[in-house]
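J.: Protein chains in written order, with our numbering: chain L, 1 to 269; chain A, 1 to 269; chain D, 1 to 269.
Hints in this document: simulated from the structure, not taken from any laboratory. Keep in mind that a hint or two might mislead.
Just so you have them, the derived chain L footprint on chain D, three or more residues with Cβ under 8 Å [to be verified]: (1) 60 to 66; (2) 97 to 105; (3) 224 to 232; (4) 237 to 243.
Far from chain L, some chain D residues (derived; all Cβ distances over 12 Å) [unchecked claim]: (5) Thr13; (6) Gly46; (7) Arg84; (8) Glu112; (9) Leu114; (10) Ala116; (11) Ser134; (12) Asp145; (13) Gly162; (14) Thr178; (15) Arg179; (16) Thr180; (17) Gly195; (18) Asp256; (19) Asp258; (20) Asp264.
Ideal Cβ positions, reconstructed from N, Cα and C, are used throughout, including at glycine.
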Amino acid sequence: MVVRTSSSPSTPTEALRALREAAPLTQCITNAVVTNFTANALLALGASPAMCDIPGEAGIFAGIAGGVLVNLGTPTREQRDAAREAVTAGTPWVLDPVAVGALPVRTALAHELLDARPAIIRGNASEILALAGSGAGGRGVDATDSAEDALDAARSLTIRTGGTVAVSGETDLIVDATRTARVSGGSALLTTVTGGGCALGAAMASLLAVTPAFDAALTASVIWAVASERAASRTRGPGSFAVAFLDELAAIAPADLDERVRVDTEVTR
Amino acid sequence: MVVRTSSSPSTPTEALRALREAAPLTQCITNAVVTNFTANALLALGASPAMCDIPGEAGIFAGIAGGVLVNLGTPTREQRDAAREAVTAGTPWVLDPVAVGALPVRTALAHELLDARPAIIRGNASEILALAGSGAGGRGVDATDSAEDALDAARSLTIRTGGTVAVSGETDLIVDATRTARVSGGSALLTTVTGGGCALGAAMASLLAVTPAFDAALTASVIWAVASERAASRTRGPGSFAVAFLDELAAIAPADLDERVRVDTEVTR
Amino acid sequence: MVVRTSSSPSTPTEALRALREAAPLTQCITNAVVTNFTANALLALGASPAMCDIPGEAGIFAGIAGGVLVNLGTPTREQRDAAREAVTAGTPWVLDPVAVGALPVRTALAHELLDARPAIIRGNASEILALAGSGAGGRGVDATDSAEDALDAARSLTIRTGGTVAVSGETDLIVDATRTARVSGGSALLTTVTGGGCALGAAMASLLAVTPAFDAALTASVIWAVASERAASRTRGPGSFAVAFLDELAAIAPADLDERVRVDTEVTR
Numbered sequence: 001m002v003v004r005t006s007s008s009p010s011t012p013t014e015a016l017r018a019l020r021e022a023a024p025l026t027q028c029i030t031n032a033v034v035t036n037f038t039a040n041a042l043l044a045l046g047a048s049p050a051m052c053d054i055p056g057e058a059g060i061f062a063g064i065a066g067g068v069l070v071n072l073g074t075p076t077r078e079q080r081d082a083a084r085e086a087v088t089a090g091t092p093w094v095l096d097p098v099a100v101g102a103l104p105v106r107t108a109l110a111h112e113l114l115d116a117r118p119a120i121i122r123g124n125a126s127e128i129l130a131l132a133g134s135g136a137g138g139r140g141v142d143a144t145d146s147a148e149d150a151l152d153a154a155r156s157l158t159i160r161t162g163g164t165v166a167v168s169g170e171t172d173l174i175v176d177a178t179r180t181a182r183v184s185g186g187s188a189l190l191t192t193v194t195g196g197g198c199a200l201g202a203a204m205a206s207l208l209a210v211t212p213a214f215d216a217a218l219t220a221s222v223i224w225a226v227a228s229e230r231a232a233s234r235t236r237g238p239g240s241f242a243v244a245f246l247d248e249l250a251a252i253a254p255a256d257l258d259e260r261v262r263v264d265t266e267v268t269r
Numbered sequence: 001m002v003v004r005t006s007s008s009p010s011t012p013t014e015a016l017r018a019l020r021e022a023a024p025l026t027q028c029i030t031n032a033v034v035t036n037f038t039a040n041a042l043l044a045l046g047a048s049p050a051m052c053d054i055p056g057e058a059g060i061f062a063g064i065a066g067g068v069l070v071n072l073g074t075p076t077r078e079q080r081d082a083a084r085e086a087v088t089a090g091t092p093w094v095l096d097p098v099a100v101g102a103l104p105v106r107t108a109l110a111h112e113l114l115d116a117r118p119a120i121i122r123g124n125a126s127e128i129l130a131l132a133g134s135g136a137g138g139r140g141v142d143a144t145d146s147a148e149d150a151l152d153a154a155r156s157l158t159i160r161t162g163g164t165v166a167v168s169g170e171t172d173l174i175v176d177a178t179r180t181a182r183v184s185g186g187s188a189l190l191t192t193v194t195g196g197g198c199a200l201g202a203a204m205a206s207l208l209a210v211t212p213a214f215d216a217a218l219t220a221s222v223i224w225a226v227a228s229e230r231a232a233s234r235t236r237g238p239g240s241f242a243v244a245f246l247d248e249l250a251a252i253a254p255a256d257l258d259e260r261v262r263v264d265t266e267v268t269r
Numbered sequence: 001m002v003v004r005t006s007s008s009p010s011t012p013t014e015a016l017r018a019l020r021e022a023a024p025l026t027q028c029i030t031n032a033v034v035t036n037f038t039a040n041a042l043l044a045l046g047a048s049p050a051m052c053d054i055p056g057e058a059g060i061f062a063g064i065a066g067g068v069l070v071n072l073g074t075p076t077r078e079q080r081d082a083a084r085e086a087v088t089a090g091t092p093w094v095l096d097p098v099a100v101g102a103l104p105v106r107t108a109l110a111h112e113l114l115d116a117r118p119a120i121i122r123g124n125a126s127e128i129l130a131l132a133g134s135g136a137g138g139r140g141v142d143a144t145d146s147a148e149d150a151l152d153a154a155r156s157l158t159i160r161t162g163g164t165v166a167v168s169g170e171t172d173l174i175v176d177a178t179r180t181a182r183v184s185g186g187s188a189l190l191t192t193v194t195g196g197g198c199a200l201g202a203a204m205a206s207l208l209a210v211t212p213a214f215d216a217a218l219t220a221s222v223i224w225a226v227a228s229e230r231a232a233s234r235t236r237g238p239g240s241f242a243v244a245f246l247d248e249l250a251a252i253a254p255a256d257l258d259e260r261v262r263v264d265t266e267v268t269r
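Working from the sequences, and respecting the hints, build out all of it.
T.: Here is the structure:
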């Protein structure tokens, strides 16, 4: 049985308010391309980023962080060991399996890390399909499948991890064992800036410090949609869009999340 | 015998159009300082960047990429091994020998990689002189020689590799076994932003997916000149210039490359 | 005995003028999050940054650089070895002990590097307290103590190193064996952009090439205060602030440093 609601839930507003109050320490083990943009996005949002990603420190740091991101974009040997430490600290964490499927080192690591049960897996459709074993994987950070194509794969992953899976696309899917939310809106300009999706995963990790996984993933997706729409409305290209996006993340008010973005949530009982 | 033409060739327009249609996957093994700017420049231009730079993956990825960049700016041990894998995949590739000459690790690697015959070598005059064995090398990314000083060195490298050499400077030189092109114009503001030259090398790697090496190097130089001039005309300093430059890379139309930049091509028969 | 003066010393103006004339080569062994922003800040200021951070090259490069920065934000194994090489080259250097205290790898390295007597140690109050052995350390790059709380710890470090300690905060403290300077002003927006403090340490390293340590630290703090105030006055959020800050670093004139920022210097005899 599916119960459909098409009103925005109040949770994103509450979650953003809680994030701003807590300024949660968020550990990011992430790829070399997006560290700066990710840290700036988290600071703009109101979280406290820290990119502690070396063995011998990553596990300790994860123990004091409110949320952890493990992004496999450029997984050096030290980052792989740091990730293994961090995910066993007991802090809720997000897995972003960048380009998993085609590339063996990260694919093996992603499957290994699944045993540590990420609270959220965030990826594009190709990555979610590959991680679930039902697709060939992406050719990098580009999705060659639509988010909806990955719904079954996402559901199967949530059953394995007990967590939430977020599939980024023109419409984002947020999936757990029983619920499916769809967030539409946002701006395609976000895909012309590197790290838009990676920073979204980091925002989910921050929100894990203040709200359950499904709400954290949903809230981050809604924030991204609102901020990217606003930024796009006053920019002329990808360079100025990236700058404006950071400004909008800082300017966004919790109450703004109740408007302007359509969220559909289905519950399967 | 030298045949001189001073009309802009039609190739850059065609090459940019082909790049936009193909959105070629471009693998960048590049330095930690410029990964973000490089990825954003390629996205703005219409290519698909991927910074896959670890051993065990770099060679596989190079096999599916349309072009590969190896930039030696911060060559960690893993990046050096990744570079060795990538250049033997059979995909045309660009060598950017940052600060070669003075620094032994990258200098040894650059000479080793020459055997894998880069389709394009891109550097400033000091780097090209050092790589050809006729100069002391730069003191980093700064050129202390003018591009024209490196013409003979560039030619000797093209004979060794069978490829093209691009020497960046106030006027860029593009050299192969028989041709020399000069691209003037552009803005000096580009030298006040880190990664302008590194991202140019990445653009050449993208263009290798759709056009021969000489045309790829020439097209990228022309794009850089046009976009930097346009960006400089509406900015007040290096921060806003970098943002505007990305906007202009996205806004540039193939036909814009026929205008505004003077290209002289000499052919030695 | 304390002699207090509340007039701005003429040194910052002279030091910035000397920096612009010398364009000193500045080696940065720094964290992955801020490499790009740091390089752009140094270029905007008029220095020549180079991020040479691998073993086998870092020591050689430090020998030709005018100043060296060692920032412990993401200290990989290779960076740790590179730092050990660089600090023994005889070139004056800055230690930025990011998040020292709580994290064992960097804490051990920071204490080891102290024996090589950094000309300047720059950190927030929590880091300075932890490095001096009188605090628990920060939880990352956030200061949880005020700069003034770290005055005694800073003084004890200057006695150990013979150098200067700069404590960043709402009011910056610059301390050596006998002098204490306080720089107020600036904008809190700087704390919403990652790397503001890290790039400040890099600017101090550049200034070490042209002026003694105390003056280098003071000048960089004054530049940061003036440029951040100016940038804040024309921006709407952290994204546009970061861009404007780079523009203002480039636009700032040496004479601007005599105005607008209050510097108090005490001398203890």
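J.: Would you mind marking each hint as holding or not holding in the structure?
T.: Here is what the structure says about each hint:
Closer than 8 Å: that is the beta-carbon criterion, and the segment 60 to 66 of chain D has 0 residues meeting it against chain L, so the requirement of 3 is violated. A stretch counts as covered by a chain when three or more of its residues have a beta carbon under 8 Å from one of that chain; for the segment 97 to 105 of chain D and chain L the count is 5, and the coverage holds. Note: the segment 224 to 232 of chain D has 0 residues with beta-carbon separation from chain L under 8 Å; the three-residue rule is not met and the coverage is violated. Coverage of the segment 237 to 243 of chain D by chain L holds. Counting CB-CB distances below 8 Å, 6 residues qualify, and the rule asks for three or more.
At roughly 31 Å from the closest C-beta of chain L, the C-beta of threonine 13 of chain D stays outside 12 Å, upholding its exclusion from the interface. The non-interface label for glycine 46 of chain D is consistent with chain L: the shortest C-beta to C-beta separation is roughly 22 Å, beyond 12 Å. Arginine 84 of chain D, annotated as away from the interface, keeps every beta carbon of chain L farther than 12 Å; the closest lies near 16 Å. The Cβ of glutamate 112 of chain D sits about 15 Å from the closest Cβ of chain L, beyond the 12 Å cut-off, so the non-interface label holds.
Distance to chain L confirms leucine 114 of chain D as a non-interface residue, since its nearest Cβ pair spans about 19 Å, more than 12 Å. No beta-carbon of chain L comes within 12 Å of the beta-carbon of alanine 116 of chain D; the shortest separation is about 21 Å. For serine 134 of chain D, the condition that its CB be more than 12 Å from all CB atoms of chain L holds, with the nearest at approximately 20 Å. The non-interface label for aspartate 145 of chain D is consistent with chain L: the shortest C-beta to C-beta separation is roughly 16 Å, beyond 12 Å.
Separation of glycine 162 of chain D from chain L is adequate, the least Cβ-Cβ distance of about 30 Å exceeding the 12 Å criterion. Taking the minimum C-beta to C-beta distance to chain L, about 36 Å, the non-interface status of threonine 178 of chain D holds against the 12 Å cut. For arginine 179 of chain D, the requirement that its beta carbon stay farther than 12 Å from each beta carbon of chain L is met, with the minimum near 33 Å. The beta carbon of threonine 180 of chain D is kept farther than 12 Å from every beta carbon of chain L, the shortest such distance being approximately 30 Å.
Consistency note on glycine 195 of chain D: stated as away from chain L, yet its beta-carbon is not over 12 Å from all of that chain's, at 7 Å minimum. Under the 12 Å C-beta cut-off, the non-interface status given to aspartate 256 of chain D relative to chain L holds; the minimum distance is some 25 Å. Residue-level check passed: aspartate 258 of chain D sits 32 Å from the nearest beta carbon of chain L, beyond 12 Å. At roughly 30 Å, the least C-beta separation between aspartate 264 of chain D and chain L is larger than 12 Å, which holds for a residue marked as non-interface.
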